[in-house]
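Enquirer: Sequence:
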Amino acid sequence: MSEYNHVVDKQDNFTVDKVNTALDKINPDKKEEILKNFESFKSYLGKRIELAEKLGLSEEQIAVTAEKIANYLTANEEPRNSEEKLLSELWKVGTQEEQHKLAHMLVRLAQQAN
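FYI, the numbering for the sequence shown is 1 to 114, going by this note's numbering.
Watch out, some of these pointers could steer you wrong.
Stated by the list, open to error - Pairs of lysine-lysine residues, derived as DSS-like cross-links and limited to a Cα-Cα distance of at most 25 Å, are as follows:
1. K101 / K42
2. K42 / K68
3. K85 / K25
Hint data in this document are derived by calculation from the structure and do not stem from the laboratory.
Could you put the whole structure together from the sequences, leaning on the hints where they help?
Expert: Dropping the structure here:
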């Protein structure tokens, strides 16, 4: 089963509430591969953003999803490199508004990776 099936239903409706469940279901080896270095992380996010755009999600919807992912990573994963450590620290000290802006910036960064 692909991650697509976890967050998008049969009518192609995206549900942000399913993001944590989908992240929990990623194979630990795959998760390690994604998070092992910042370039692979950006590339993975870029591919997921590309899929979201094809499904018709707006930049705002993608940023809200990026916030959910950042919250998940901050709560459940240790940073594996200096870039992830910096992002984690910025996320922790940011207000909700600052986190939202950072999510938009991360989306743009990941879009440039592909």
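Enquirer: Give a verdict on every hint.
Expert: Taking the hints in turn, this is what the structure says about them:
| no. | hint | verdict |
| --- | --- | --- |
| 1 | K101 / K42 | holds (17 Å) |
| 2 | K42 / K68 | holds (16 Å) |
| 3 | K85 / K25 | holds (23 Å) |
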